[in-house]
Amino acid sequence: MSTSVLIRPVGAAGSAVTTIFAALDRVMDPELDESLVRLGFVDAVSVEGAAVTLVLRLPTFWCSPNFAYLMASDARQRVLELSGVERVEVILKDHAHASEISAGASEGRSFAEVFPDEASGDLDELRARFQRKAFGTRQEQFVRFILDAGLTPDEVVALRVGDDSRIPRGGAPLLRAYLEKRAQLGLSGDPAAALITDESGGAIAADDLLAYLRRVRRQRVSMVMNTALCRGLLETRYSKSVTEERL
Amino acid sequence: MYRTTDGEEIFVVDGHLHFWDASPGNQKNEYGTGWIDCFYGYHKVFTPPEYLWSLEQYQRYSESTMLRDLFVDGYVDVGIFQPTYLKEFYVNGFNTTEQDAVLKEKYPDRFILNGAFDPRDGQQGLDYLREQRERYAIQGVKLYTAEWKGDSRGYKLTDPMAYRYLEECQRLGIRNIHVHKGPTIWPLNKDGFDVADVDQVATDFQALNFIVEHCGLPRLEDFCYIATQERNVYGGLAVIMPFIRNRPRAFAEMMAELLYWVGEDKLTFGSDYAIWHPRWIIEDFINFDLPEDLKQEYGIDLTLAGKRKILGENVARLYGLDIQAHRRKLAAQPLPEFDPGQAYAVA
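Quick note, the sequences are listed as chains A and B, same order.
Under the numbering used here, the first residue of the first sequence carries the number 15, and numbering increases by one thereafter.
Under the numbering used here, the first residue of the second sequence carries the number 504, and numbering increases by one thereafter.
No lab work stands behind these hints, which were simulated from the structure alone.
Even for Gly, the Cβ is constructed at its ideal location relative to N, Cα and C.
Each hint should be verified, as a subset may be incorrect.
[What the hints assert, rightly or not] Distance windows between CB atoms, simulated:
#, chain 1, residue 1, chain 2, residue 2, range
1, A, 199, B, 510, 26 to 32 angstroms
2, B, 808, A, 172, 42 to 48 angstroms
3, B, 651, A, 186, 44 to 50 angstroms
4, A, 198, B, 796, 30 to 36 angstroms
5, A, 131, B, 511, 51 to 57 angstroms
6, A, 166, B, 675, 26 to 32 angstroms
7, B, 634, A, 65, 57 to 63 angstroms
8, B, 751, A, 58, 32 to 38 angstroms
9, A, 136, B, 768, 38 to 44 angstroms
10, B, 625, A, 131, 17 to 23 angstroms
11, B, 653, A, 40, 37 to 43 angstroms
12, A, 40, B, 566, 40 to 46 angstroms
Given these sequences and hints, build the entire structure.
Below, the structure is given as structure tokens:
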């Protein structure tokens with residue numbers, strides 16, 4: 015997504031907006047494992063004293079309310095953590111459940127409170143499920159990279175968390191992204207712990223590595239397609255005038 | 504009928520068609536507006552410029568537009584209607600069996616008409632199912648488990664009433680159950696894309712075929728898993744096919760997955776017309792080759808024979824359509840002349 019959707023920091027409020035965008039860049043779409051800022055979901059940010067207003071937009075009117083709610087709540091939470099911020103209002107625009115989600119997330123209510131008839135629990139399980147998928151996706155990309163760089167399956171499964179120096183050149187960003195998800199799943203950060211494990215920390219045998227990667231790959235293919243679709247839909251949705259002109 | 508440069512003829516069955524009415528007068532509320540706007544986004548995101556429609560044309564298109572797009576320009580020999588009712592959003596429904604039946608009745612050999620049911624309609628709904636079977640001899644139904652009804656935001660195939668309906672389908676000889684498992688309006692905290700309910704009913708209803716439309720996208724991995732477990736589960740490629748033009752690598756990776764896990768005998772082509780025009784999708788698909796790295800990695804290929812199955816043979820088998828006999832029948836029924844000036848009115 016082009017950066018043109020970002021509100022450019024201007025004047026005195028500029029640095030505050032920059033800080034807020036940096037915070038929002040750490041809020042992920044759980045389904046796509048990509049930041050709200052990079053996806054172009056942050057439409058506008060404004061600051062008035064200690065009060066921040068975030069306007070979010072999504073690719074369609076029907077984007078899943080559960081994911082929308084997670085993102086809106088997470089965005090509020092991250093911005094509330096910034097020093098000097100006392101209130102955060104989140105406005106989700108152009109959505110089937112825009113008013114419920116905006117009001118609920120801004121008031122810090124749970125999804126179950128806002129949609130009592132439709133939610134049978136909270137969103138933690140959903141979040142955890144997609145964290146596991148993101149873990150698999152990032153892991154697969156990292157492991158394929160190091161296999162392509164010449165490591166054998168035996169060497170891959172023998173790697174330890176502290177083995178940075180044994181990672182082939184260029185693999186550091188993928189390793190970092192993978193370690194971040196490992197930490198979120200609560201897997202061991204001990205330098206002596208096995209680096210390449212399944213999502214519960216279980217060991218993977220060298221002989222099973224390729225079959226394991228193939229299973230994980232299915233998730234990545236879904237995610238790639240879904241991301242392509244969502245980005246494309248967002249772009250066509252908010253570039254109406256351009257398309258209409260062509261028509 | 505698609506003719507390859509070698510003169511080989513490929514019989515095309517488009518497994519996923521709509522003849523909808525989303526005109527402003529039929530929109531009941533903002534959801535109806537939001538629905539067609541969302542569909543229009545899907546249209547715009549993948550459609551090549553020369554096939555783009557205006558929103559107005561997209562909201563409602565004529566019979567002759569549809570006939571020409573499919574059978575004159577689009578290589579399609581036979582098309583299958585998959586109704587989507589949405590009566591909460593549209594006054595007369597979005598795309599009902601009755602709306603589609605208008606074209607089926609005029610061109611009986613060109614279309615296969617599917618019906619629909621909703622287990623939340625109780626006993627009355629069972630009567631309606633029987634009525635559709637009696638009136639239109641339907642062999643299949645399209646189910647949209649995410650459909651809103653009153654306060655309900657959807658149902659599962661494993662709900663007790665859904666079982667009664669599936670039993671009735673089995674009894675009536677309605678063999679093909681097309682289930683929308685793809686981009687949807689429903690999921691709240693439950694994952695509405697979840698295909699687990701298909702897994703269970705496919706086991707319990709061995710005489711029925713379950714065609715998972717859109718292959719569970721964006722949960723392809725879950726769909727692949729159940730499709731390998733169940734003999735009677737198929738994948739409908741609507742929504743997946745149009746990636747072929749501007750996301751070819753993503754399309755290739757997905758086809759590799761589907762061919763590896765599900766296999767070329769259980770995948771069926773669908774344009775999802777009028778979301779997309781079948782012509783460019785079919786042309787691209789015929790010319791598509793799986794990249795070498797994916798062939799190597801998965802140990803699979805997509806040959807012309809495989810494409811032939813996906814474009815028509817597989818779904819023809821599900822509907823008991825004898826391709827050779829049907830070709831002869833269609834050859835004897837020329838379509839009406841269409842005014843070429845109407846073609847792609849806005850392109």
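**Message:** Taking the earlier hints as the rules, which of them does this structure contradict?
**Reply:** 1, 6, 12
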